[in-house]
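2 protein chains.
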Amino acid sequence: MSSYYNSWEPEGPSVNTEIPGPKAKAAIKELDEVFDTRSLNMLTDYQKSCGNYIADPDGNVLLDVYAQIASIPVGYNNPTLIKAARGDEMINGLINRPALGNFPPKDWADVLKSGILKVAPKGLNQVFTAMAGSDANETAYKAAFMWRRQHERGGSHIEFTEHEMESAMKNQTPGASELSIMSFKTSFHGRLFGSLSTTRSKPIHKLDIPAFDWPQATFPLLKYPLEEHAEENAAAEKAALDEVEHLILNYHAPPCAVVVEPIQSEGGDNHASPEFFRGLRAITRKHNVLLIVDEVQTGVGATGKFWAHEHWGLTDPPDMVTFSKKAQTAGYYFGNPELRPNKPYRQFNTWMGDPARALLFKAIISEVERLDLVNKTAQVGEYLYGKLEGLAKRYPGQFENLRGKGMGTFIAFDNPKRDEFLKTAKKFGVNIGGSGTSAVRLRPMLILEERHADILLEALEGIAKVLA
Amino acid sequence: MSSYYNSWEPEGPSVNTEIPGPKAKAAIKELDEVFDTRSLNMLTDYQKSCGNYIADPDGNVLLDVYAQIASIPVGYNNPTLIKAARGDEMINGLINRPALGNFPPKDWADVLKSGILKVAPKGLNQVFTAMAGSDANETAYKAAFMWRRQHERGGSHIEFTEHEMESAMKNQTPGASELSIMSFKTSFHGRLFGSLSTTRSKPIHKLDIPAFDWPQATFPLLKYPLEEHAEENAAAEKAALDEVEHLILNYHAPPCAVVVEPIQSEGGDNHASPEFFRGLRAITRKHNVLLIVDEVQTGVGATGKFWAHEHWGLTDPPDMVTFSKKAQTAGYYFGNPELRPNKPYRQFNTWMGDPARALLFKAIISEVERLDLVNKTAQVGEYLYGKLEGLAKRYPGQFENLRGKGMGTFIAFDNPKRDEFLKTAKKFGVNIGGSGTSAVRLRPMLILEERHADILLEALEGIAKVLA
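As they're listed, the protein sequences go chains A and B.
Residue numbering for the first sequence follows our numbering, beginning at 93 and increasing consecutively.
Residue numbering for the second sequence follows our numbering, beginning at 93 and increasing consecutively.
Just so you know, the hints here were simulated from the structure itself, not pulled from any lab data.
Honestly, I wouldn't trust all of these hints.
It does not matter which identical chain is meant; a pair holds if it fits inside one copy or across any two.
Lysine to any residue pairs mimicking SDA-like chemistry, simulated, CA-CA at most 25 Å apart [to be verified]:
| no. | residue 1 | residue 2 |
| --- | --- | --- |
| 1 | K140 | G179 |
| 2 | K175 | D199 |
| 3 | K140 | K175 |
| 4 | K117 | D202 |
| 5 | K497 | T253 |
| 6 | K509 | D202 |
| 7 | K117 | H243 |
| 8 | K117 | E181 |
| 9 | K435 | L559 |
| 10 | K315 | N217 |
| 11 | K262 | P346 |
| 12 | K262 | W306 |
| 13 | K294 | V203 |
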């Protein structure tokens with residue numbers, strides 16, 4: 093494989109102090125005066141971080157397979173991105189921030205077409221740009237509500253009634269609709285009020301925050317190994333689809349859209365089969381409910397396809413696909429012109445994204461294409477998965493429910509002492525994240541190669557021995 | 093006054109074609125294929141925009157007193173910002189985007205203290221960083237809900253009950269609270285689901301989107317000139333405060349916070365007196381309800397103070413102050429340590445802001461300080477307001493309800509043909525925005541000088557003659 097990254101990466105991890113070490117501890121204490129540090133994982137020296145390696149102020153360097161919660165696509169201090177960041181175009185985007193809906197830059201069509209839209213999912217040729225995953229999902233939801241109400245009114249030419257306008261100003265029906273967005277149990281779609289109403293990951297994410305009375309369907313939590321539970325899993329998926337249809341037909345606040353992650357990521361790396369997702373597309377289409385695919389964590393190559401939903405073999409595309417994280421910008425794709433609201437200023441805000449971040453995504457896309465990183469991720473993922481199967485056999489109970497076969501490096505397993513597992517990993521020179529209650533989730537960058545996978549595997553084996 | 097900006101600004105506006113001209117029209121047509129252009133005001137050539145002047149692809153150059161909906165603080169292509177954008181620190185922040193809550197940069201405390209927190213409102217020494225105005229407000233609201241529920245439970249040491257945790261996952265009480273955020277009629281606080289529930293600007297912003305059943309109080313819409321309606325206005329403010337107190341005590345979903353703009357900006361540039369705001373602070377304090385001041389549009393100098401609420405002479409500071417726009421980043425300030433939730437990961441998201449944008453704000457602050465731009469804005473505003481009073485006398489009906497005296501350049505007036513007024517302005521070489529139904533709002537940058545004000549005034553007189 094390519095040794096392009098050899099030139100700017102260290103040979104391997106090096107751990108010299110406990111983490112946090114003395115320098116980090118002093119800096120964290122200072123930071124905590126002004127910024128809540130209780131969720132701090134590792135104070136980071138980004139200047140010294142490089143490729144697949146994350147550094148800290150005490151000189152520790154770890155192989156990073158968490159990558160800023162799956163947000164770093166092509167490595168720390170990637171030379172191609174440095175070059176893009178130094179360019180006049182980027183500087184212009186950074187210092188002259190436009191209100192994109194009112195005053196778009198003269199070359200905005202080109203920035204979109206040669207960047208964000210160059211990788212648009214099949215069937216989706218338009219984009220609404222946003223700032224992060226939560227508002228990407230919420231603007232998609234808003235588009236869904238407006239679309240559905242327009243259908244109910246009888247078309248885009250029907251004007252709003254006085255009663256609708258007055259009641260909307262009072263947050264009451266019919267102006268404020270009583271429709272809903274359906275999501276799945278154990279899903280994660282963001283943390284603002286609308287997105288949090290669809291998030292069903294953990295109580296700590298939701299407690300005390302007012303929520304909309306929207307429906308949730310059961311996600312078909314599969315049993316592993318898949319080949320030993322084929323019948324049971326198929327039945328679980330069938331039951332889940334039946335529940336979706338039942339809720340569409342009977343829930344008191346009718347859903348105008350279903351939002352789903354291709355792999356439930358924060359919720360514990362829960363997968364479902366392509367058949368399940370094809371069934372979900374069929375049911376939503378049948379009942380005129382939109383399908384929003386939340387690719388905030390799965391998108392941009394990590395599953396061995398640019399978009400994870402490409403694994404499903406859909407003939408009828410999703411209505412909207414949301415993105416963020418590895419794109420370093422955010423928004424949602426759509427194809428149906430009816431998803432542009434019937435009047436301007438209904439879907440609008442001051443910034444509507446960030447041109448600097450859109451330009452960075454363009455640079456990321458060209459780096460991914462130049463180095464064929466999606467295909468390489470598929471290959472490295474296959475290698476890594478095979479080796480993990482071996483580890484799972486040698487260390488029973490330590491790599492339970494291994495999952496993500498054929499999904500690039502988007503791999504996870506359960507460990508009964510998960511939090512200790514993650515903590516111990518740092519001593520072995522690896523930065524790893526968790527998800528759900530017991531999953532260890534691998535979220536390496538797209539530049540992970542077999543030699544990095546070998547370093548990771550050696551560390552995982554070391555951890556397993558310690559915890560055994 | 094300083095002629096620092098002479099070196100990089102044109103002499104004055106130049107209008108060569110209708111706007112949009114032929115080049116803009118062609119580019120807009122292309123853009124519309126992939127991006128909704130119905131809210132487009134002016135396709136912009138940001139490379140050629142300079143200081144107070146905005147350029148378009150047809151070579152037209154306008155004095156810009158709209159400034160990307162009040163978002164450009166120190167001029168297009170400001171040399172100081174270019175220098176900051178070219179620096180290694182900024183490039184690092186741009187290409188190595190951290191998950192700030194988990195992996196903050198080692199110097200994050202310094203970036204905050206020497207930037208965002210250097211200008212923190214009095215009494216507020218902590219910050220939660222966000223991406224834009226809507227999520228700045230929504231995270232502040234979340235903090236308010238968690239704070240209030242903690243008080244109701246009896247303290248931060250009280251654990252959540254099983255029933256709370258289970259019901260939260262179902263979006264039901266008691267886990268999902270039935271508290272509310274109170275806002276004012278004609279207010280604007282953002283467009284996501286929680287913030288939109290507090291926004292009461294126009295039906296077009298709210299129609300079809302589900303909303304929380306939260307209370308709204310009447311904003312004391314003052315009559316002008318103020319000196320002729322002193323008694324009436326005082327009575328309106330008294331009535332508004334009485335309504336606030338009544339709603340706090342009686343609304344079926346008790347408010348845990350009141351959110352208010354120092355000047356209602358999108359809603360039509362509605363002002364209230366310092367006495368009103370001091371009264372609001374007193375009432376909220378009395379009833380243990382938080383006061384959130386939304387300085388998204390008023391903040392960062394335009395009113396002749398760094399924060400508009402400094403005009404109120406509060407002895408007891410607001411609980412939270414939100415910011416965005418001219419800060420080029422976003423978030424909320426707070427002082428009370430109880431506004432940090434009792435456990436980590438309750439107020440959290442992947443990015444929690446953007447270090448590149450935080451560094452840009454730091455550069456903006458140092459430019460504002462170096463050139464004393466807040467005081468200069470106060471002076472230029474006084475000059476401009478005086479001249480506008482003269483215009484209002486000479487052109488009766490054209491500059492109605494002139495308002496913003498003593499509030500820097502944050503000035504507005506009503507015109508019966510407002511939309512035509514704004515359109516005609518471009519022919520006179522000026523880019524101006526509106527707000528509410530009939531207001532012309534001036535939102536120049538902080539680098540507007542008397543000579544720019546003179547150009548603006550000449551244009552305004554020209555428009556008034558055309559429309560008379």
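One pair to classify: K435 and L559, alpha carbons no more than 25 Å apart. Within, between, both, or neither?
neither (60 Å within a copy, 28 Å between copies)
At most 25 Å between CA atoms: does that hold for K140 and G179 within a copy, between copies, both, or neither?
both (22 Å within a copy, 16 Å between copies)
Should K497 paired with T253 be assigned to within, between, both, or neither, using CA atoms and 25 Å as the limit?
neither (53 Å within a copy, 39 Å between copies)
Should K294 paired with V203 be assigned to within, between, both, or neither, using CA atoms and 25 Å as the limit?
Result: close neither inside a copy nor across copies, 38 Å intra and 32 Å inter.
With 25 Å as the alpha-carbon cut-off, assign the pair K262 and W306 to within, between, both or neither.
both (20 Å within a copy, 9 Å between copies)
Measure nothing new, just compare the shortest in-copy and cross-copy C-alpha distances for K315 and N217 to 25 Å and report within, between, both or neither.
Neither way: K315 and N217 sit 37 Å apart in one copy and 50 Å across, limit 25 Å.
What label fits K140 with K175 when the C-alpha limit is 25 Å: within, between, both, or neither?
For K140 and K175, the Cα distance is within 25 Å both inside one copy (17 Å) and across copies (23 Å).
As a check of your reading, is K117 near E181 (CA-CA no more than 25 Å) within one copy, between copies, both or neither?
between (39 Å within a copy, 22 Å between copies)
At most 25 Å between alpha carbons: which applies to K262 and P346, within, between, both or neither?
both (21 Å within a copy, 16 Å between copies)
For the identical chains here, do K117 and D202 meet the 25 Å Cα criterion within one copy, between copies, both, or neither?
between (46 Å within a copy, 15 Å between copies)
Is it within, between, both, or neither for K509 and D202, if the alpha carbons may be no more than 25 Å apart?
neither (50 Å within a copy, 36 Å between copies)
Evaluate K175 and D199 at a C-alpha cut-off of 25 Å and name the case that applies: within, between, both or neither.
For K175 and D199, both the intra-copy (20 Å) and inter-copy (24 Å) Cα distances are at most 25 Å.
Violated hints for the displayed structure, listed by number in ascending order: 5, 6, 7, 9, 10, 13.
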